[in-house]
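There are 4 protein chains.
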Amino acid sequence: MIIVMSPSATEENLARVQERVAQAGLRVHLSTGEDRTIVGVIGDKKKIANLEMNMMEGVEKTVRITEKYKLVSRDFQPEGTIVDVGGVKIGGDHIVIMAGPCAVESMEQLREAAKCVKEGGAEFLRGGAFKPRTSPYDFQGLAQKGLEMLRTAADEQGLKVVTEVVDHDDIEIIGKYADVFQVGARNMQNFQLLKALGRERKPVLLKRGLSATISEWLNAAEYILSGGNENVILCERGIRTYETFTRNTLDLSAVAAVKELSHLPVIVDPSHGTGRWQMVRPMARAAVAAGADGLIVEVHPHPEAALSDGDQSLTPKNFNRLMEEISGIAKVMGKTV
Amino acid sequence: MIIVMSPSATEENLARVQERVAQAGLRVHLSTGEDRTIVGVIGDKKKIANLEMNMMEGVEKTVRITEKYKLVSRDFQPEGTIVDVGGVKIGGDHIVIMAGPCAVESMEQLREAAKCVKEGGAEFLRGGAFKPRTSPYDFQGLAQKGLEMLRTAADEQGLKVVTEVVDHDDIEIIGKYADVFQVGARNMQNFQLLKALGRERKPVLLKRGLSATISEWLNAAEYILSGGNENVILCERGIRTYETFTRNTLDLSAVAAVKELSHLPVIVDPSHGTGRWQMVRPMARAAVAAGADGLIVEVHPHPEAALSDGDQSLTPKNFNRLMEEISGIAKVMGKTV
Amino acid sequence: MIIVMSPSATEENLARVQERVAQAGLRVHLSTGEDRTIVGVIGDKKKIANLEMNMMEGVEKTVRITEKYKLVSRDFQPEGTIVDVGGVKIGGDHIVIMAGPCAVESMEQLREAAKCVKEGGAEFLRGGAFKPRTSPYDFQGLAQKGLEMLRTAADEQGLKVVTEVVDHDDIEIIGKYADVFQVGARNMQNFQLLKALGRERKPVLLKRGLSATISEWLNAAEYILSGGNENVILCERGIRTYETFTRNTLDLSAVAAVKELSHLPVIVDPSHGTGRWQMVRPMARAAVAAGADGLIVEVHPHPEAALSDGDQSLTPKNFNRLMEEISGIAKVMGKTV
Amino acid sequence: MIIVMSPSATEENLARVQERVAQAGLRVHLSTGEDRTIVGVIGDKKKIANLEMNMMEGVEKTVRITEKYKLVSRDFQPEGTIVDVGGVKIGGDHIVIMAGPCAVESMEQLREAAKCVKEGGAEFLRGGAFKPRTSPYDFQGLAQKGLEMLRTAADEQGLKVVTEVVDHDDIEIIGKYADVFQVGARNMQNFQLLKALGRERKPVLLKRGLSATISEWLNAAEYILSGGNENVILCERGIRTYETFTRNTLDLSAVAAVKELSHLPVIVDPSHGTGRWQMVRPMARAAVAAGADGLIVEVHPHPEAALSDGDQSLTPKNFNRLMEEISGIAKVMGKTV
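Top line first, the protein sequences correspond to chains A, B, C and D. Residue numbering for the first sequence follows the working numbering, starting at 453 and increasing by one per position. Residue numbering for the second sequence follows the working numbering, starting at 453 and increasing by one per position. Residue numbering for the third sequence follows the working numbering, starting at 453 and increasing by one per position. Residue numbering for the fourth sequence follows the working numbering, starting at 453 and increasing by one per position.
Heads up, a few of these hints could be off.
A pair counts as met if it fits within one copy or between any two copies, since identical chains are not told apart.
As a list, the in silico SDA-like pairs of lysine to any residue whose alpha-carbon atoms are at most 20 Å apart [what the hints assert, rightly or not]: (1) LYS647 x ASP621; (2) LYS522 x ARG585; (3) LYS647 x PHE591; (4) LYS787 x GLU776; (5) LYS522 x HIS546; (6) LYS497 x LYS570; (7) LYS513 x LYS628; (8) LYS520 x THR586.
Since the hints were made in silico from the structure, they are not lab data.
The whole structure should be built from the sequences, with the hints applied where relevant.
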């Protein structure tokens, strides 16, 4: 941490700042500039994390130099993590595809969807059984019945299952049916849920919060890793901006940022990220070109009849076109779908 | 809902759109313009809420006319709600003040804080016992021990207690000690928590999410009211924008908006809303002038030694100045502190 | 400037960084931490402003400690500036009111408006003769004819005139009619315009850009002051955020921020800041309570017939109510309208 | 336009709304719902553009159905525009590359840069001679001397020149040296500049504003086309969001959006869009995969010594790697670099 003293700070102000740093078990390094003094604080990261200096007299501002997360950082582990889900690898030179409807609606719908995404080349069936919805009057999901359908449809096609967990009380039941727990954007800072998932060993797909910084997102992942679960896959799904043409603004530079800062694999959700099916294919191609390790895409056999998020779901035909296109891009990237 | 057909939509496209609306049990009203047809959908709000039309051929876009929430709206209840917390009224012509430290740290700290805020004129003691923190390495709160301290310190001064609940599992224990449950910004769309609080009868202070629209915020409140708990107080606490000088951007126009759209009382948190103690007093004055029903403010006997959010805490002396200033503003507004 | 070296930086990397700082005529102060070295750069502000270090090998990031602006800062001039416009003071303990229609439409409209705002207590007539409009097909203003009308209507009522300049070529003609040049949000970083206004001596009302940081805004003002024109009044008018209920998000904390960082007076535009006439009065009250030195408000004798921005214009009756309300707030602030 | 009447609107309110629409020369279509009446307004687009109804009694809100721009829309011209710059085609199945330093600094620097970008496969040399800078104390560009250097260096290598125009007074002189006028993000709504460029015939590269919506961007382009200049190339360069890790958030979904809404070609600036050289290559690949017609990239022979924006400039070596990578992506897209 750097403490910037005000030009009007007195000697006494400075002495008290130094004293307080020392009391916290940290060391000080002074640097005297043209019109102000800079105090460098040196020592243990966790002690610095809890140091509050802005309220002291004579302090103009403080600047944090290092991030608080550690286990998720590439400094800590230079080589990229590959998460293994029963033989399906996420990370490395493989592009993983997770596809299916937004919400599980019926066995018939799911069977059709599973068949179609399998044929297209997906390895995971996605679908929500517990749905977080803005309004209490919106469809809230089929719960356990939906989980059963997911597992059945996936097994029939030899697919893995990824589905959202919205409450730590549901971890046990969802764990029985799913291969990967999904944490949705609204729950990225539901720390109780993150801590509970840190005690599991099944992989977690951690979506970026609606307005989470990359730093907050990696700190959220740190909650899971520091609990003992190293199988975390990050997922960029669009952030909230002033633009209204798209539902969210898909931030593909976050893929490059995560690759620089962390060893964890990162996939992209172009369906929620744009909210418009017309944009899913171009953004899927761009995601793979940016270096993403995979995609999670909404595919619905009859999107115009979907109970939620029909606007952003692909038809089976469009999903097949997407798969062809990203195969080409993956090849250029030295990867395979 | 208004369905805007594309200029290139065919007669058949239009026929199928009309058919689908009819199947959903809704009525259609056609309006033929210069170069496109507009389809008005008439009927039950909940049926319209679940209608998905954007994927149909020939549809350019859809526009929702009415909000999904109902119980929280001023259309539904024109007169403003006054929430009664054991005799302390929130709403109407009274300005309620909730004050205290960000986190409960020790009995001594809390006693000092409670004494000071009581003397200044506050009616509630605030303080976090369960803290949602960005990093797993930050101070996470004293839990039940903190609740006990809060209750003791508040009772000694004749204050009410408001404290945050971060997990529905904690509702019972927190309910034993607190007079008002606080839902923090990060949990505004933790729908399991909202549903559980809807089954309680104790009042809920619902903070606006970091990047929640006013509509999403009111829908979150609707979760609580539709569960049967009508004692909801809204709290504006700053939204996330591109500006970095302040921690958040305090959106005081949200106060005016909520007063127009809803009958629920709304208070303001100028401490989290700005993240800088220097700005708490001007923003507190502005909040009351904008029509807020109260304030929740961080006051710490020794803010430079606080374990969290020291930057935004007032000293007792500054809190007293704040109270004097807002008394004057309240009077102009025809209210009393 | 602080240069943070990467944990993997070599001795040679560090040596080259030091060398480059020295070449720029600046001094270096080293601080060696647990796992990385911090290089403090000391010396002339302008030299530091042009230093680029991020591309050098071994550099993790750089942090700028001081702002680039100087003349506008409160460090440079501790006492607040009072801009005198022919006897009307802006700043100090006076609240100035500028009011009138968004666009000048006709002599009749302007006469009615001028009479009404004068009676309400305004000291300035506002109105656009040159209008920056999103679409080329929107009404673009009456140009010189509008300026003449403004001057005539203002003179009849003994009002000053403030009007927007969108092009440096128009400065001369506008200068003949107006008492204060207004720079609109879209032109806050039209540096040619700012430089040209720096060569004038008439006061400039500088609106904050749609998504300008406070730092960028003050730097824009620095362009004018560094050109020799010290008569700058800042104006907060709402920033662009994700919220769509209001046209912009009025950032009243910017008023407090500017008061802390700069000696320049700052006023608020609650009309553009909210885009809804229902919110103008509450936000006007809040602005004065936050410490603003005045208001610029849209008043139109017949807002439902306005050629632009009718949504946010007050009727004469509502303007009178606003004036009464802010008189009360001003008094609490120790000021007079 | 759709006018939504309030549930409490009276018959008289409705009658006056209908009357006012009729007076504006437009037609009305009524639709009576469960609890409110919807008034559809039919007729001439420009008349509707100037209609203000929100202030009328009984009106709850209005919704605009159609965009104001016309000439830039794909409805107006279904086939994509190809802009021809002296034989170099922008649009169609060609990927155009514009590269060079942020600012022109010296003949030597420019010669090195021009040689390197030509060898890498670029067709345009970019570089700023007139620089819009946040602070008046930052390097402001070499002006005409810079233009001469640009032309000389470009001609020696057989490259076209694109450079920024910040003031309409400079159009003539810049037109003598440049092949394409660049309008920077800060000037996207400098309507005087846009109108002046509409009277030219040389192509214009129109960057998206820092916080411009896609609709505002296309309306800005409409200013140029409606003036008679059809040679407009759009350029996405990142928008302002809350994220601070990158300088801006590159919005690649804007590429897909523009391709859907407009016939104009669109290129991407991954250098300003991210502000970090490490991200330029991944974002360049992603841009081409998203469907962009080209790239404008900062390349500097010695980026660590650059006078502006060194952080985001590529070395010649990294530029060559970028060119190889996007050749592969272009091929998958059925295009050639």
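Structure-based check of each hint:
Taking identical chains as interchangeable, the C-alpha atoms of LYS647 and ASP621 lie at most 20 Å apart whether they share a chain (12 Å) or sit on different chains (14 Å). When the C-alpha separation of LYS522 and ARG585 is checked against a cutoff of 20 Å, the pair qualifies only between copies, where the shortest distance is 16 Å, while the shortest distance within a copy is 33 Å. When the C-alpha separation of LYS647 and PHE591 is checked against a cutoff of 20 Å, the pair qualifies only between copies, where the shortest distance is 15 Å, while the shortest distance within a copy is 28 Å. Proximity of LYS787 and GLU776 under a CA criterion of 20 Å is satisfied in both settings, with 14 Å inside one chain copy and 16 Å between copies.
When the C-alpha separation of LYS522 and HIS546 is checked against a cutoff of 20 Å, the pair qualifies neither within a copy, at 26 Å, nor between copies, at 45 Å. With identical chains, the CA atoms of LYS497 and LYS570 are never at most 20 Å apart, being 47 Å at best within one copy and 37 Å at best between copies. Proximity of LYS513 to LYS628 under the C-alpha cut-off of 20 Å is found in neither arrangement, the shortest distances being 50 Å within a copy and 40 Å between copies. For the identical chains of this complex, LYS520 and THR586 are inter-copy neighbours only, at 9 Å across copies versus 32 Å inside a copy, given an alpha-carbon limit of 20 Å.
Hint compliance for this structure: hints 5, 6 and 7 are not met, and every other hint is.
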